[in-house]
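4 protein chains.
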Amino acid sequence: MSQDTLRVGIVGAAGYTGAELLRLIHRHPRLELVWVAGNSNAGRKLSAVLPGTLGVQGIGELEIERFEAADAQRLAEQLDVVFCCLPHAKSAEVVSSLYAAGLRVVDLSADFRLRSEEDYRTWYGEHPAAALLGEAVYGLPELHREALRDARLIAAPGCYPTSALLPLAPLVKSDLLDLSGPIIVDAKSGVSGAGRTPGPGTHFSETSEGIRAYKVAGSHRHTGEIEQELSIAAGQRVQVVFTPHLVPMTRGILSVAYLKPRAGVDAERCRGAARSYYPEGGLVSVMQDELPDTLWVRGSVRAHVAYRLDPRTGTLIAFGAIDNLTRGASGQALHALNVALGWDEDLGLPQLGQFP
Amino acid sequence: MSQDTLRVGIVGAAGYTGAELLRLIHRHPRLELVWVAGNSNAGRKLSAVLPGTLGVQGIGELEIERFEAADAQRLAEQLDVVFCCLPHAKSAEVVSSLYAAGLRVVDLSADFRLRSEEDYRTWYGEHPAAALLGEAVYGLPELHREALRDARLIAAPGCYPTSALLPLAPLVKSDLLDLSGPIIVDAKSGVSGAGRTPGPGTHFSETSEGIRAYKVAGSHRHTGEIEQELSIAAGQRVQVVFTPHLVPMTRGILSVAYLKPRAGVDAERCRGAARSYYPEGGLVSVMQDELPDTLWVRGSVRAHVAYRLDPRTGTLIAFGAIDNLTRGASGQALHALNVALGWDEDLGLPQLGQFP
Amino acid sequence: MSQDTLRVGIVGAAGYTGAELLRLIHRHPRLELVWVAGNSNAGRKLSAVLPGTLGVQGIGELEIERFEAADAQRLAEQLDVVFCCLPHAKSAEVVSSLYAAGLRVVDLSADFRLRSEEDYRTWYGEHPAAALLGEAVYGLPELHREALRDARLIAAPGCYPTSALLPLAPLVKSDLLDLSGPIIVDAKSGVSGAGRTPGPGTHFSETSEGIRAYKVAGSHRHTGEIEQELSIAAGQRVQVVFTPHLVPMTRGILSVAYLKPRAGVDAERCRGAARSYYPEGGLVSVMQDELPDTLWVRGSVRAHVAYRLDPRTGTLIAFGAIDNLTRGASGQALHALNVALGWDEDLGLPQLGQFP
Amino acid sequence: MSQDTLRVGIVGAAGYTGAELLRLIHRHPRLELVWVAGNSNAGRKLSAVLPGTLGVQGIGELEIERFEAADAQRLAEQLDVVFCCLPHAKSAEVVSSLYAAGLRVVDLSADFRLRSEEDYRTWYGEHPAAALLGEAVYGLPELHREALRDARLIAAPGCYPTSALLPLAPLVKSDLLDLSGPIIVDAKSGVSGAGRTPGPGTHFSETSEGIRAYKVAGSHRHTGEIEQELSIAAGQRVQVVFTPHLVPMTRGILSVAYLKPRAGVDAERCRGAARSYYPEGGLVSVMQDELPDTLWVRGSVRAHVAYRLDPRTGTLIAFGAIDNLTRGASGQALHALNVALGWDEDLGLPQLGQFP
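Residue numbers (this note's numbering), protein chains in the order written: chain A, 1257 to 1612; chain B, 1257 to 1612; chain C, 1257 to 1612; chain D, 1257 to 1612.
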C-alpha cells in the first residue's frame, strides 16, 4: 500500500449506504478500508451481515467493532478518513468526537447539510452539535467545488435533493426561471432509500406492485435542503413543493420539476446553461433527444438531466435521474472526498453501472 | 340462462383489455360471452392465446373468429352487446358497422372519446367515422350518469384520464380552483398500459428496475381527453400539463395533480366536495388520513382519491389511484354498460381485487 | 339474504389468507361475511388494516373483534361457518372451542392436516388438541371428495403440498411410479407465502432481485404433509425430498418433481391418468404441449399440471402450478366447504384470475 | 496508457454480454477498449444504443462499426484481443477470421465450448469451423487453469453450466458421488439470460409475476456442456437431467443439484472437497451455515456454493449461485483472459456487486 493511500473507516457499515461504500472503496485506488463499526452488529464478521463480502480478501473477515466516543483519539492514529452512515441526530454526536480528534469526516446523514441551526430545528429538531455547522461543506461537488477543497467535514447531500438540484441549479444560476411562485418537484424513488430495516412499507408483497406518494405537502425533510441550495444558487429565496413517491424498484430516483420560465426561455436555452455548468468530462450528462431513465444510471455516479418546454402552456419541465445509493449517497461522498483531497474528481468511481 | 341475460361478444379478446373483459364478464350475472374475434389469432382456441382460460367451461374452448364488416348484420342476430378492444382508427370502422347493424357497442379505444372532430384531428388524425361522434357517450359514469342511460354507443374512457378526472372533477364542478393557469398532472402507470405487444420499452430486463417519463410536454394524446372533460365540468376552458411515467409494475395508475385553489379552499373543503360528488355506496372512496396506493385498488373497479394543501406554498395537491385495466378500461366499460341498461351500477363488478 | 345463505366469520382476517377469503366470500352467492376477529388489530375497522376494503359496503366498516374462547357459544348462535387463519398451535385452541360450540370450522393452519399425532409431534411439536385429529378432513377435494361431504372440521391443505399433490396423486394412484427411492420435489414460491409480517427475508430491496432455497434437506414442515397424502394415495410409504425456494414475485407456486417411472410409462400415459383423475369441468387442467406458468393461475382456484419424460435418462418430470393464496389456501378452503355442503364445487370461485 | 495495456475490441457490444464487458473493461487496469462492432447498429454511437455510456469518456462516443471478415487482418494490427458476443454459428465464422489473423479471441457464444464435433452436431447442428475446435480452451479457470495459460482461443462457458459445474466439479473430482444414475440439475435463471431482443416470453407484464420451466427433459443445449465437463472431471460418462426456469428477476442463476453420494459421504465431506478445490483467495466461496442467494453475487465474478445431506432419504443436495452476466459470461471471460495472460486471476474484476 503506497504512501498515497489513505486509511478509511466506516461507522454503520451494515446498512445500504455503508454497503455501497464498501463496494466503492474496495475498488478505489487510493483508499484502504481498515475499520468498520456498527453497534447493533458489533462482534460479528462483516460477511455475516453482508454475505456478498464472503471470501473477499480484506473485507469479509473484518470484524464489526462497537464505536465509543472515547475511542476517537485512538482511531485518529489509525485512520485518515471516517465515513458516518448513521441516522440523523445520532450521527452528529459521532461526527463531533471524530472531528474533534482531528479526523477527516464524511457524514452521510442529514446532520450537517443545513447551514442554519434554525432550519435544522424546523425540519429535524434541536441540533446536537450546532457549533460544527459552520465547519461543514455541502458535498455536492458541482455546486460547491471550491468550498470542498481541503474540507475536513463533508456533509454528503440527500438523495432526493441531489436528483432535484442537478437539473435545477444551472437554471437558477443562469436566472432562467420566474421564481415568484413555488417550484414543484415530483420525485420517484426506489425502495432502498427507505433503508435496511424491514417494515410494512417495504414488505415485498405490499411493495412490488404499487406506487404511492408519502410525506407530501411540505412534510418531507428534504424540502428544506432543496430550498436552501436553490436559494443559494439563485441568490434569492426559492420555495419548493416536494412530493416523494415510493416506486417498486430497488435503486434510482427520477425527479421531475415543473417550472415557470422567464420570457423567451426554451428547452434549448436550458440545455445550453446546463452544458456550461456541467462541461464534458464531468459526471453529469445533459440529454438532448432522450429523457432520463433511472435504468441507465443504476450503480453509477453519473447523473442524467433533461429539459422540455410545453408549448401549449408555457410550462418548463426539468428531469433529473440518479442512483440514490451511488450518486445520491456513497458515490457522491467519495466524489466530494476526491475533490477535498485534490484528487481527480472521478478517481475510483464507477461510471458504468450494472446493465441491465 | 335467463331472459335477463344479454349475449356478449368481444373484438380483440387476446389483448389485455380483452382478457380483463373475459375475467369480468365470466362472473357478471347478466352477461354471457358467446363470441370472440381477433384477426391476428383467428382460428385458434382462446386457451391457446390465453392459457389461463384453459379448462374454463364456456371460455377456453371458444374459437377466435375473424371479424368482417359484412358479418355485422348476422352478428346482430346473435348478440346484444359487443365490446371493441382495438387500436384507435381501426376501432372506429368496426364500431361503425356493428352500430349500424343495431348492436349496442362499448368501444374501449380512443375513437369516440373526443366530442369534437377537430380535437380528434389534433390528437389522432382524420376521424374514420366522424358522423358517429354525436352518438357516443363518454363512459365515465360518475360524470355522465344521465347521458349514459340507454346509450347505444359508449366510449370507455382512457386509463390516464380516469385517474386524473376522478380526483379533479369534484373540484372544478364546485368551482374550488383558480383555473387561470394550467393544471399539472404527473401520472405514473404500470406497464400493462402499454399493451401486449413486446418491444424494447417493455422488455423485462430494461423495465423492472427503472422509471422514466415519456411523451411529455403536451405530446401524449390523453391530454386532450382530460382537458375536454375538465372543461365540460368546469364550464370553462381548462389547460393541462400532462406527464406520464412508466413504473416497473404491471397494473395501476397514480395521478398527482398540482393545483391553485381559490382563496379559502383547503383540503377538507375538497374532501367535502368529493364526498358529495361520490356518495357512499358508490365506487369512488375519498380518503381522509391515508394517501392512495395503487396496491389497494389492483383488480378492483374502485378508485381512491385524496387531497392535501401545502400550507407553505398554498399549493393544493390531488391524488387519484386506479387499476388501469379494471377501473381504467374493462371494468369501467362494464360499469358504464350497467348504467346504460339501468342495472345496479356495481352489478357483477369486482370491488375487492387480489391482495397482495 | 336468502335462507340458503350461510353466515360466515373469519378469525385472523388481516393476514393474507384472511384478506383473500374476504375477496372470495364477497362474491360467493351463498356466503355472507358478518364477523371478523383478530387480536392484534381488535377495535379497528377492517378498512384501517386493509385499505382495499375502504367503501366496500358490508366489509370495510366491519370492526375487528377480539376472539375469546368464552365467546364460542355466543358465536355459534350468530354464525354458521368460521374460517381460522391463525398460525399453527395457536389455531388448534381456537378451532377446538369453536368446534365444541357446534360450529362448522375451516382451519387454514397446519394443525389438523396430519392424521397422526406422532407425525404432528415430529414436524410441529406437541399437539394442543389431539382429540380432534380424527374429526378433521384434509380439504383437498380432488383427493378426498367423499370424506369431505358433511365434514364439520376441514383442514385446508398447505400451499406447497397442494402444488405437489395435484400433479403426483394421479400417478401414484395409477401405480405408474417406482417408489423404491424418494420423490424429489423442487418447489418455487412467491413471497406472499411468507405472510404479512415484515422481516429481513421479505424486505423488498433484498428480495426483488434474488432467488434462494430455504429449509432444505427435510427441514420444511410441509414434507410430512406431502408424504402423508402421497402414501395414502399410493397405499405404501412414500418418501419425499422437498426443496422450497423463495422467488421474487408475490403469488404463485411451481412444483417440479423428478420421478422414476415404472417400465413403459411415458408422459402420455401420465397425462391419461391425470385426465381420468381430473375430468373436464373440474378445477385442474392437464396441459399437453405447454408447461405450467404461475402467471396463468394467479388469482384463480384452478391448477395446471403437466408431464414430460426425459428420454436420455428415463427420468419422469411432473409439474404443478397454483396460486398459493387462492388454490393453495383460501380458494381451496371455500372449494372444500362447497363440497362439504353439497354445493357445486366451483360455486362462487374465481376461475379466471387477473391477467396480467 | 502503459505498454502493459492491451487494446481490446468487442463484436456485438450492444447486447447484454457486450454491455457487461464494457462495464468491466472500463475498470480493468490493463485493458483499453478501442473498437466496437455490431452489424445491426453499425454507424451509431455507442451511447445511442446504451444510454448509460453517455458522457463516459472513451466509451460513449465510440462509433459502432460493421464487421467484415475481410477486415480481420487490419484489425489484427490495431487490436490485441477481441471478444465475440454473437449468437452461436454466427460467432464461429467471425472467430475464425479473427483467429486466423493472429488475434487472441475470447468467444462468448457456444461455438467452441463442446470439444467434439459430434456433440456440437447433436446439440447445435453442423459446426461452421470445426477445425478450430481443438484450439479452443473451455474458459472456466477453476477447472482448466493450466490449459488456459497462453490460450489464444477461449470459449467462455455458458451461464447455466457455470452455475452447475462450480458446486459439482469438486464432488466428482473427489469421487464422492455414485454416478450410476443421472444427476438432476434444477436451475433458476434471471431474465437477462434470454438476451436483449424483446419477445412474448420476456414482456414485462407477463414475466414479472410468474415462474416457468422451459426446454425441459433434455431439450436445453446446455445439457451437453454440463455433461462434457462433468464427464471430464469424473473420468467417466456422467448424465444430467437439466431443468431451466425463468425467474422474474434480471440477473442471477441458482442451480440446485440432487445427487446420490457414495457411502459415508456427508455435507461436511463435500464442503471439505470444495474448500480444497477452491482455496481461499480465489473467486468461489464455500458456504457453511448459509445457503446461496443470487442477491449476494449480483454484479460480482464470485460464486457461492453449498452442500446439504437430507438425512431422511440419503439424498445429497448441492447449490451454486452466480450472476449470469458477470460470472456466467463477461466477467468469467475476463477471468479466463487474465489466466491466459499470466495476470492475477482477479485483476480488474468486481468482487463486490451492487447491493442491494
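There may be inaccurate statements among the hints.
Just so you know, same-sequence chains aren't split out, so a pair can sit in one copy or run between any two.
What the hints assert, rightly or not - Below, simulated SDA-like cross-link-like pairs (lysine to any residue); rule was C-alpha separation at most 25 Å, straight line:
1) 1516 x 1332
2) 1429 x 1286
3) 1346 x 1490
4) 1516 x 1570
5) 1471 x 1493
6) 1471 x 1314
7) 1516 x 1260
8) 1301 x 1535
9) 1516 x 1601
10) 1301 x 1484
11) 1301 x 1545
12) 1429 x 1388
13) 1301 x 1532
14) 1346 x 1377
15) 1516 x 1474
16) 1429 x 1324
17) 1301 x 1401
18) 1516 x 1295
19) 1301 x 1567
20) 1516 x 1298
21) 1301 x 1524
22) 1471 x 1565
23) 1429 x 1470
In short, the hints are calculated from the structure, not lab data.
Going through the hints against the structure:
no. : hint        : in the structure
1   : 1516 x 1332 : neither (50 Å within a copy, 54 Å between copies)
2   : 1429 x 1286 : neither (34 Å within a copy, 41 Å between copies)
3   : 1346 x 1490 : neither (32 Å within a copy, 51 Å between copies)
4   : 1516 x 1570 : both (7 Å within a copy, 16 Å between copies)
5   : 1471 x 1493 : within (23 Å within a copy, 32 Å between copies)
6   : 1471 x 1314 : neither (41 Å within a copy, 31 Å between copies)
7   : 1516 x 1260 : neither (49 Å within a copy, 54 Å between copies)
8   : 1301 x 1535 : between (43 Å within a copy, 20 Å between copies)
9   : 1516 x 1601 : neither (33 Å within a copy, 43 Å between copies)
10  : 1301 x 1484 : neither (40 Å within a copy, 39 Å between copies)
11  : 1301 x 1545 : between (48 Å within a copy, 14 Å between copies)
12  : 1429 x 1388 : neither (28 Å within a copy, 54 Å between copies)
13  : 1301 x 1532 : between (47 Å within a copy, 23 Å between copies)
14  : 1346 x 1377 : within (15 Å within a copy, 48 Å between copies)
15  : 1516 x 1474 : both (20 Å within a copy, 16 Å between copies)
16  : 1429 x 1324 : neither (43 Å within a copy, 50 Å between copies)
17  : 1301 x 1401 : neither (37 Å within a copy, 31 Å between copies)
18  : 1516 x 1295 : neither (48 Å within a copy, 45 Å between copies)
19  : 1301 x 1567 : neither (58 Å within a copy, 30 Å between copies)
20  : 1516 x 1298 : neither (52 Å within a copy, 41 Å between copies)
21  : 1301 x 1524 : between (53 Å within a copy, 22 Å between copies)
22  : 1471 x 1565 : between (28 Å within a copy, 12 Å between copies)
23  : 1429 x 1470 : neither (30 Å within a copy, 27 Å between copies)
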